[in-house]
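Sequential numbering of the sequence shown, starting at 8, is according to my numbering.
No lab work stands behind these hints: they were computed from the structure. Glycine residues also receive a C-beta, built at the ideal position from the N, C-alpha and C atoms. Keep in mind that the hints are not guaranteed to be accurate.
Below 16 Å or equal to it, Euclidean Cα-Cα: the simulated EDC-like pairs (lysine to aspartate or glutamate) are [said to hold, decoys possible]: (1) 89 <-> 103; (2) 10 <-> 103; (3) 137 <-> 111; (4) 98 <-> 210; (5) 45 <-> 63; (6) 10 <-> 48; (7) 143 <-> 85; (8) 136 <-> 103; (9) 10 <-> 63; (10) 143 <-> 168; (11) 137 <-> 100; (12) 45 <-> 34; (13) 143 <-> 210; (14) 101 <-> 31; (15) 45 <-> 14; (16) 150 <-> 14; (17) 143 <-> 48; (18) 45 <-> 22; (19) 150 <-> 34; (20) 10 <-> 111; (21) 150 <-> 100.
Ranges of calculated distance between the beta carbons of each label pair, as one might list FRET restraints [claimed, not checked]: (22) 26 <-> 166: 39 to 49 Å; (23) 224 <-> 162: 50 to 60 Å; (24) 23 <-> 56: 43 to 53 Å.
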Amino acid sequence: MPKFFIDPSALSVGDGGQQQVTIEGADAHHLARVLRAKPGDRITVTDGQGNLYAVELTTVTPETVRGAVRQAGPDHTEPAVKITLFQSILKGEKMDWVLQKGTEIGITAFVPFLSARTIARPAPHQFVKKQERWQKIVAAAAKQSGRGLIPTVHPVTVWPEIPLKLAGQFTLVAWEGETTCSLRQALSARPGLAAAQVVIGPEGGFTSDEVAALVHHGAVAVSLGPRILRAETAGPLTAGLLLYHYGALEPVPSTLPSNGK
């Protein structure tokens, strides 16, 4: 069975001091109707705060699922390096693909934005609806891939604000016009990195002025090689290479027994 996300408030202490979990809404319906779970089955839940629980189900209905915590331990699925991807909004399903694959790889947060060459330009009144839809895509990908948290999709931001959001963190901007600094060189100069920001442009790329503004605010422009990558490829690739470089793609031991029937 998949891992289920719960809010910490879903944990309670029952009779005899036994820790209990209550799952309601869509996840309860999924367990009861789709997975055909029944009392006695075991599932794994995470509270999104680094804690993992093996839960034995005691009550299963489409409205509410309850269970007793049989074992608890740390959730080691989250990478030690926290990556925020600043992605210029892409056309159609390309943006969905970046969010889905970026979540699977291990990105912690996404910042969608509009830049000079952005083709897909939703009107300001559509920003909230877009953000909500993208957050649902990320949540589904996090559940499917067994993440320990659901990455955050931040509100849509317009370009002049992006360089100002770098906030002194280590930031990489992938740019096809960079000819001297590779991604490997930039990462080798920063051992023991705990957090990074990656900035990726739209289908038409960044303007030279945009790259200059990012570099002025502390970003490092890097080349991703001699071949031109699609805009939807660059972000997940950079994140994956970054996590690989810092050893964040190594296997980790499970802290809980396998779930299931």
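Structure-based check of each hint:
no.	hint	result
1	89 <-> 103	violated, 21 Å
2	10 <-> 103	violated, 22 Å
3	137 <-> 111	violated, 20 Å
4	98 <-> 210	holds, 8 Å
5	45 <-> 63	holds, 10 Å
6	10 <-> 48	holds, 13 Å
7	143 <-> 85	violated, 19 Å
8	136 <-> 103	holds, 14 Å
9	10 <-> 63	holds, 13 Å
10	143 <-> 168	violated, 25 Å
11	137 <-> 100	holds, 13 Å
12	45 <-> 34	holds, 14 Å
13	143 <-> 210	violated, 24 Å
14	101 <-> 31	violated, 32 Å
15	45 <-> 14	violated, 22 Å
16	150 <-> 14	holds, 14 Å
17	143 <-> 48	violated, 27 Å
18	45 <-> 22	violated, 21 Å
19	150 <-> 34	holds, 11 Å
20	10 <-> 111	holds, 14 Å
21	150 <-> 100	violated, 20 Å
22	26 <-> 166: 39 to 49 Å	holds, 48 Å
23	224 <-> 162: 50 to 60 Å	violated, 20 Å
24	23 <-> 56: 43 to 53 Å	violated, 25 Å
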